[in-house]
Amino acid sequence: AQSVTQLDSHVSVSEGTPVLLRCNYSSSYSPSLFWYVQHPNKGLQLLLKYTSAATLVKGINGFEAEFKKSETSFHLTKPSAHMSDAAEYFCVVTLFSGGYNKLIFGAGTRLAVHP
Amino acid sequence: NAGVTQTPKFRVLKTGQSMTLLCAQDMNHEYMYWYRQDPGMGLRLIHYSVGEGTTAKGEVPDGYNVSRLKKQNFLLGLESAAPSQTSVYFCASSRSPGASGRGGPDTQYFGPGTRLTVL
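Sequences listed follow chains R and D, in order.
Just remember that our numbering sits 74 ahead of the position in the first sequence, which is counted from 1.
Just remember that our numbering sits 1 ahead of the position in the second sequence, which is counted from 1.
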């Protein structure tokens with residue numbers, strides 16, 4: 075069965091330092107994986123998507139994620155945090171069921187960025 | 002293109018009242034979805050539609066009804082609101098496999114959300 079575990083519910087970094095948001099997944103087949111970002115009182119925005127073309131995926135706003143099948147991980151990173159990165163981040167895996175691609179969400183990681 | 006839009010943005014209801022949330026998309030997507038978001042639980046699927054005139058139940062359908070009379074619109078109804086339905090509601094859309102349009106068939110595009118409080 076497909077599932078997603080985000081290993082940290084809260085992450086706090088200083089502006090200009092690296093960001094690491096961790097995600098492990100469970101899937102019975104080669105999955106599609108996503109990271110979405112949600113800024114306060116806003117909708118979800120797609121950051122990046124993995125669909126088996128390349129294991130290192132680059133997204134918007136300088137974020138990237140690496141798919142590691144051996145570790146069943148899809149961690150999100152950014153070399154240098156910006157204040158505007160403060161938001162909640164969701165790791166998502168898809169399951170094709172009932173005629174559509176069902177999204178299975180992790181519980182979310184809230185990123186705080188301090189000056 | 003506006004993408005996915007939702008109305009209203011905020012609403013306060015009393016227990017037992019009814020209301021309808023409207024979702025509209027201009028990406029010619031076949032598939033549309035309604036989710037609710039509650040603290041610490043990510044998003045949970047309420048209902049979805051794979052095309053005009055079709056609807057299906059998701060994970061948490063009880064207390065909600067939906068209709069998809071036009072391809073671009075997906076309505077979510079609460080017939081008798083309860084405090085347990087206090088939540089943020091998100092609509093999303095995606096294209097079907099083999100169809101043209103924005104994004105892959107597994108990529109959903111979300112609206113800005115509706116914050117609903119039931120007293």
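To be clear, the hints were calculated from the coordinates, so they are not data collected in a lab.
Backbone N, C-alpha and C define an ideal beta-carbon position, used for all residues, glycine too.
Check each hint, because a few of them may be wrong.
Stated by the list, open to error - Listing some non-contacts, in silico: residues in chain D with all C-beta distances to chain R over 12 angstroms: (1) P9; (2) L14; (3) D27; (4) L70; (5) K72; (6) L79; (7) E80; (8) Q109.
Unchecked claim - Coverage of chain R stretches by chain D, computed from C-beta distances (three or more under 8 angstroms per stretch; other residues unrestricted): (9) 108–121; (10) 174–185.
Checked hints:
1. P9: P9/D clear of chain R: closest Cβ-Cβ about 14 angstroms, beyond 12 angstroms.
2. L14: With a cut-off of 12 angstroms, L14/D remains clear of chain R, as the shortest Cβ separation is near 19 angstroms.
3. D27: Fine: 15 angstroms to the nearest Cβ keeps D27/D off the interface.
4. L70: holds, 19 angstroms
5. K72: holds, 15 angstroms
6. L79: Non-interface label on L79/D holds, nearest chain R Cβ at 20 angstroms vs cutoff 12 angstroms.
7. E80: Consistent with the label, E80/D stays out of reach of chain R, its closest Cβ about 24 angstroms off (over 12 angstroms).
8. Q109: violated, 6 angstroms
9. 108–121: Contact hint for the segment 108–121 of chain R vs chain D: holds, 8 residues under 8 angstroms.
10. 174–185: holds (count 8)
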